[in-house]
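S.K.: From just these sequences and the hints, can you work out the full model?
Chains A and B, in that order, are what the protein sequence lines are. Per the numbering used here: the first sequence = residues 1 to 272. Per the numbering used here: the second sequence = residues 1 to 324.
Chain B is faced by these chain A residues, among others (derived, beta-carbon under 7 Å): (1) Cys105; (2) Ser106; (3) Val113; (4) Cys114; (5) Ser117; (6) Gln120; (7) Val124; (8) Asn126; (9) Gly127; (10) Met128; (11) Ala131; (12) Ala158; (13) Ser161.
Bear in mind the hints are in silico, worked out from the structure with no lab data behind them. Values in this document were obtained by computation on a predicted structure and should not be read as measured data. We put the CB at the ideal spot given by N, CA and C, even for glycine.
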Amino acid sequence: MRDIGKLEEIARQVRIDVVTMLNAAGSGHTGGSLSATDLLVALFFGKINLDPFNPKWVRRDRFVLSKGHAAPAYYAVLSRLGFFDREELLTLRKFGSCLQGHPDCSATPGVEVCSGSLGQGLSVANGMALAARLDGLPIRVYVLLGDGEVQEGQIWEAAMSAAHFKLHNVTALLDNNKLQIDGKVEDIMNIEPLTQKWQAFGWQTIEIDGHNLAQILEALDAAEEVKDRPSIIIASTIKGKGVSIFENKVEYHGVAPTDEELAIALKELGAY
Amino acid sequence: MEKLSTRVEYGKALAELGEKHKEIVALDADLSGSTNTQRFAKVFQDRFFNMGIAEQDLMGTAAGLAVSGKIPFASTFAIFATGRGWEQIRQTIAYASLNVKIVASHGGVTVGEDGGSHQAIEDLALMRIIPNMVVLVPADGIEVRRMIEWAINYQGPVYMRTSRIPFPVIYDSEYCFTLGKGSILREGDDLCLAGIGLMVHHCLEAAELLAAEGISARVINLSTLKPLDWELVVASAQKTGALVTAEEHLVTGGLGSAVSEVLAEHCPVPLQRVGIKDVFGISGKPRDLLEHFGLMPIDIRNAARQVLKNKTRQKHLGLYQVIK
Numbered sequence: 001m002r003d004i005g006k007l008e009e010i011a012r013q014v015r016i017d018v019v020t021m022l023n024a025a026g027s028g029h030t031g032g033s034l035s036a037t038d039l040l041v042a043l044f045f046g047k048i049n050l051d052p053f054n055p056k057w058v059r060r061d062r063f064v065l066s067k068g069h070a071a072p073a074y075y076a077v078l079s080r081l082g083f084f085d086r087e088e089l090l091t092l093r094k095f096g097s098c099l100q101g102h103p104d105c106s107a108t109p110g111v112e113v114c115s116g117s118l119g120q121g122l123s124v125a126n127g128m129a130l131a132a133r134l135d136g137l138p139i140r141v142y143v144l145l146g147d148g149e150v151q152e153g154q155i156w157e158a159a160m161s162a163a164h165f166k167l168h169n170v171t172a173l174l175d176n177n178k179l180q181i182d183g184k185v186e187d188i189m190n191i192e193p194l195t196q197k198w199q200a201f202g203w204q205t206i207e208i209d210g211h212n213l214a215q216i217l218e219a220l221d222a223a224e225e226v227k228d229r230p231s232i233i234i235a236s237t238i239k240g241k242g243v244s245i246f247e248n249k250v251e252y253h254g255v256a257p258t259d260e261e262l263a264i265a266l267k268e269l270g271a272y
Numbered sequence: 001m002e003k004l005s006t007r008v009e010y011g012k013a014l015a016e017l018g019e020k021h022k023e024i025v026a027l028d029a030d031l032s033g034s035t036n037t038q039r040f041a042k043v044f045q046d047r048f049f050n051m052g053i054a055e056q057d058l059m060g061t062a063a064g065l066a067v068s069g070k071i072p073f074a075s076t077f078a079i080f081a082t083g084r085g086w087e088q089i090r091q092t093i094a095y096a097s098l099n100v101k102i103v104a105s106h107g108g109v110t111v112g113e114d115g116g117s118h119q120a121i122e123d124l125a126l127m128r129i130i131p132n133m134v135v136l137v138p139a140d141g142i143e144v145r146r147m148i149e150w151a152i153n154y155q156g157p158v159y160m161r162t163s164r165i166p167f168p169v170i171y172d173s174e175y176c177f178t179l180g181k182g183s184i185l186r187e188g189d190d191l192c193l194a195g196i197g198l199m200v201h202h203c204l205e206a207a208e209l210l211a212a213e214g215i216s217a218r219v220i221n222l223s224t225l226k227p228l229d230w231e232l233v234v235a236s237a238q239k240t241g242a243l244v245t246a247e248e249h250l251v252t253g254g255l256g257s258a259v260s261e262v263l264a265e266h267c268p269v270p271l272q273r274v275g276i277k278d279v280f281g282i283s284g285k286p287r288d289l290l291e292h293f294g295l296m297p298i299d300i301r302n303a304a305r306q307v308l309k310n311k312t313r314q315k316h317l318g319l320y321q322v323i324k
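M.R.: Structure follows, in structure tokens:
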């Protein structure tokens with residue numbers, strides 16, 4: 001779907017899902033789920049080739065949520081696509097739920113790999129891309145990274161190998177919200193200059209506003225055009241995007257909305 | 001006696017089986033000549049991925065290949081596979097029970113001259129503790145081949161340790177590997193010597209030394225460290241009333257620990273653990289190191305003498321009983 005208005009409406013609803021399910025769970029990651037929402041919505045509703053009724057369809061595109069703590073947004077998207085019932089969303093993080101605190105592929109339909117320990121997803125995406133190449137499958141592999149996450153050394157091992165193996169069917173999206181648990185990324189461990197780093201590792205880099213759905217879709221298309229190297233979309237985002245009391249607040253990295261905060265969030269998101 | 005290297009037999013088996021099983025892929029971290037995955041790489045260039053000196057990426061890429069239906073064999077030295085890649089193995093491979101086969105070479109102190117940094121004496125503990133993980137330590141070149149054939153048909157993560165040095169062949173080509181089953185290599189009534197890897201041979205030699213003293217030792221190979229053949233361990237304890245474990249690994253976390261756990265719960269009889277005692281390795285020739293760390297047949301014999309003393313004392317005090 002390429003109707004920006006409709007995608008924006010889906011993103012709004014996903015944000016409503018996210019704050020509602022996090023409030024019901026009583027714990028979880030609000031800021032990073034809301035910063036990644038537009039990237040996930042553009043990718044899943046505007047680009048990726050999937051069949052919710054046949055989750056293991058061999059010709060599907062693959063997705064790895066490397067920043068696994070954004071699971072609420074991922075689950076909201078998967079449920080809206082029809083991978084599982086929307087009622088499950090309110091069971092997030094609860095005993096016996098199919099929605100674990102961080103993605104568990106054994107538990108949740110549509111989730112391809114387990115994630116949550118940061119830094120590991122790009123390697124897995126590369127492995128999927130290599131397998132697709134061996135099998136002659138014209139599929140694409142997408143991976144969503146956090147900006148703090150690229151402090152992990154394995155990211156750079158994987159950045160090196162994706163370029164070495166010329167994995168042009170790998171597209172990374174970097175949710176560059178500039179905050180991590182302990183504070184600003186630049187203060188904790190500066191990762192800039194990001195674009196030059198990825199370019200030096202042999203990647204095509206595309207810089208966009210990560211809340212502009214049209215730009216995200218254009219970037220995803222541009223990534224597909226390049227046939228000799230992987231691409232990364234460095235998306236400038238706002239942590240907690242969409243709810244004023246959460247925006248750019250490091251305190252909301254790993255905290256769920258209280259009932260009062262939920263009421264404010266739902267009002268701002270136009271839930272009622 | 002014919003000697004075969006478990007790492008070389010792994011390389012040969014993989015290269016041979018690659019023809020029949022097109023879904024096999026191999027990965028290495030710049031040690032393919034040493035781990036012997038190079039043999040596979042030469043025949044199946046497009047199905048071999050040298051990941052460079054990057055063990056975390058090696059494990060993650062193997063995971064990605066596995067979720068896409070491949071059977072990845074990921075190899076490097078045992079210390080780097082299990083140390084550098086432990087969390088990747090836990091989080092991405094074992095948590096989802098992915099079909100990755102980690103075949104790590106250069107296990108134990110017989111790596112030799114490279115010294116303590118390269119001698120994996122913790123790898124079995126590190127792998128044994130991870131849920132879903134199968135841990136195998138072949139006792140000879142024949143067993144390696146049977147384990148590889150088995151692993152291709154098994155759905156799930158497997159860790160297998162191979163060795164740098166060749167050691168004697170004990171099984172014939174008729175040998176059948178069954179997951180979770182140990183084998184009795186020699187019968188005996190006074191005590192049981194339980195070994196893995198190279199130490200199985202030292203157990204057999206120790207049994208000869210003991211026989212010369214009029215002591216009859218049962219010798220068992222517990223090559224499936226996890227899941228352990230606890231029934232064979234308990235049956236051996238019930239039959240002989242005393243056990244000695246022998247491993248080229250720390251006595252904590254590996255075979256000695258695994259057998260202790262089973263005995264403590266099911267049949268507490270006297271036990272002595274032959275292995276490395278809370279120290280790191282050092283440089284030297286493999287034989288010198290085996291002597292230095294007390295891993296020779298004579299050390300197993302000495303442990304056997306001690307365990308028999310303890311058995312007599314316990315019997316005298318009426319302490320040991322079988323818990324059913």
